[in-house]
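Participant: Sequence:
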Amino acid sequence: MKKEINIGLLGFGVVGSGVAQILLNHQTDLQHKLGVSVQIKKVMVRNIDKDRDTSLAKDIFTTSLDDILSDDSIDLIVEVMGGTTDAKDAIERSLQAGKGVVTANKDVMAEVGPKLLKIADENGCDLFYEASVGGGIPLIRTLEDGLASDRIHALTGIVNGTTNFMLTKMKEENMSYDAALALATELGFAEADPTADVDGLDAARKMVILASLAFSTEVKLEDVYVRGIREIKDGDVELADRFGYTVKLAGTAKKDENGIEVAVEPVFLPNAHPLASVNNEMNAVYVYGDAVGETMFYGPGAGSLPTATSVTGDIVAACRNLLLGVNGKRKHAPQYERKVKEDAQKYSRYFHRIRVKDEVGVLTHLTSIYSDNGASLATVIQQMDENNETDLIIITHEISRKQHLDILDTLKQTDSVLGLSSYYRVEGE
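So the sequence shown is numbered by the working numbering: it starts at 33 and just counts up by one.
It is worth saying that the hints were derived from the structure and are not from the lab. In this text, all values refer to a predicted model and were calculated from it rather than measured experimentally. Treat the hints with care, as some may be off.
[As the list claims (entries may be wrong)] Here are the simulated DSS-like cross-link-like pairs (lysine-lysine), alpha carbons at most 25 angstroms apart as the crow flies:
(1) 444 - 120
(2) 361 - 147
(3) 389 - 265
(4) 265 - 444
(5) 363 - 147
(6) 150 - 265
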């Protein structure tokens with residue numbers, strides 16, 4: 033019977049140091065739950081001479097992955113080094129060496145997760161990745177275990193704290209996009225290069241992971257329609273509120289008999305929708321199941337200790353499997369063949385804000401464009417802005433994304449249209 037489980041920790045940055053802190057401070061709790069101690073045996077870092085605020089002994093730090101993989105006393109690898117190429121190689125080599133892996137790396141899991149899970153299966157190892165989505169929210173485990181008996185048919189989530197913080201400030205404090213981004217950067221919510229966040233790429237990777245798991249099929253990053261928040265125009269947030277909506281960068285994933293659809297884009301959420309009140313850097317995911325109905329999971333989406341808590345939860349699960357001798361027994365192969373919907377099979381309502389010439393007959397002509405494309409209209413409002421320019425506000429009934437795109441193409445080529453100011457999918461109704 034093992035008396036302790038030894039960990040090789042890859043990376044000692046914000047999350048890695050948080051994992052070490054939890055493991056060191058919670059030894060009594062861990063021993064009570066597992067019956068053995070959990071010790072960090074070695075830590076791989078890039079610079080071994082860097083000063084670190086930790087009680088870990090200096091001689092356990094190394095710059096060599098081989099030092100860790102060749103140590104037969106190390107039972108489990110925890111990858112929190114970040115990046116993609118080196119991290120992917122480290123995870124793959126660890127699994128091939130017969131060592132289970134816990135990772136927080138959303139980029140790697142979104143890009144090559146199915147391949148790594150297959151390698152884990154082939155080598156009788158566990159691969160846990162709870163912290164790759166939602167920080168401290170136990171989403172992966174809930175989908176994989178808690179809702180395993182249910183059939184999930186849709187997910188809608190706010191899975192990027194940076195953009196949610198910015199949109200909250202834009203709504204509640206009437207900040208511009210640039211001012212909200214500057215504040216997010218100042219407070220540490222946004223990176224120096226915010227591209228992955230504001231262009232929706234970070235959220236898209238997370239939705240790939242969630243959709244693959246929820247629908248038991250392989251979802252690729254190329255399957256996701258991605259549109260970030262840079263395109264939000266001045267006045268859109270206020271206009272949404274006027275119509276009873278809140279603008280959120282939402283990830284959505286749906287599955288029906290026609291296949292799957294996954295998108296990340298700014299959407300209009302009804303103010304009464306639970307996700308509309310998820311503010312600042314918080315994350316939340318709304319899950320629709322056949323049996324359970326509608327449930328929502330809410331919490332901090334990032335940060336050292338929230339993310340480290342999810343990593344440590346995976347460590348506990350992996351340790352239990354090791355102690356029971358069932359590590360690597362869970363199969364991860366997708367149950368269903370990958371089948372992605374065409375735009376003509378994706379339905380929603382849409383909001384269009386169109387700058388038009390103030391001429392007789394313009395409204396009749398433009399609404400005929402919608403009817404010619406088979407789209408019926410729920411709301412049509414013509415208004416003058418503060419510059420005495422005319423906006424036409426249109427909210428459609430449910431139409432396909434293809435109809436939506438065809439209408440936009442026609443509007444752009446119409447003489448009476450001065451510009452398509454903005455457009456949004458209307459979610460949750």
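Participant: So, for every hint listed, does it hold in this structure?
Facilitator: Structure-based check of each hint:
no., hint, verdict
1, 444 - 120, "violated (44 angstroms)"
2, 361 - 147, "holds (17 angstroms)"
3, 389 - 265, "holds (19 angstroms)"
4, 265 - 444, "holds (17 angstroms)"
5, 363 - 147, "holds (13 angstroms)"
6, 150 - 265, "violated (44 angstroms)"
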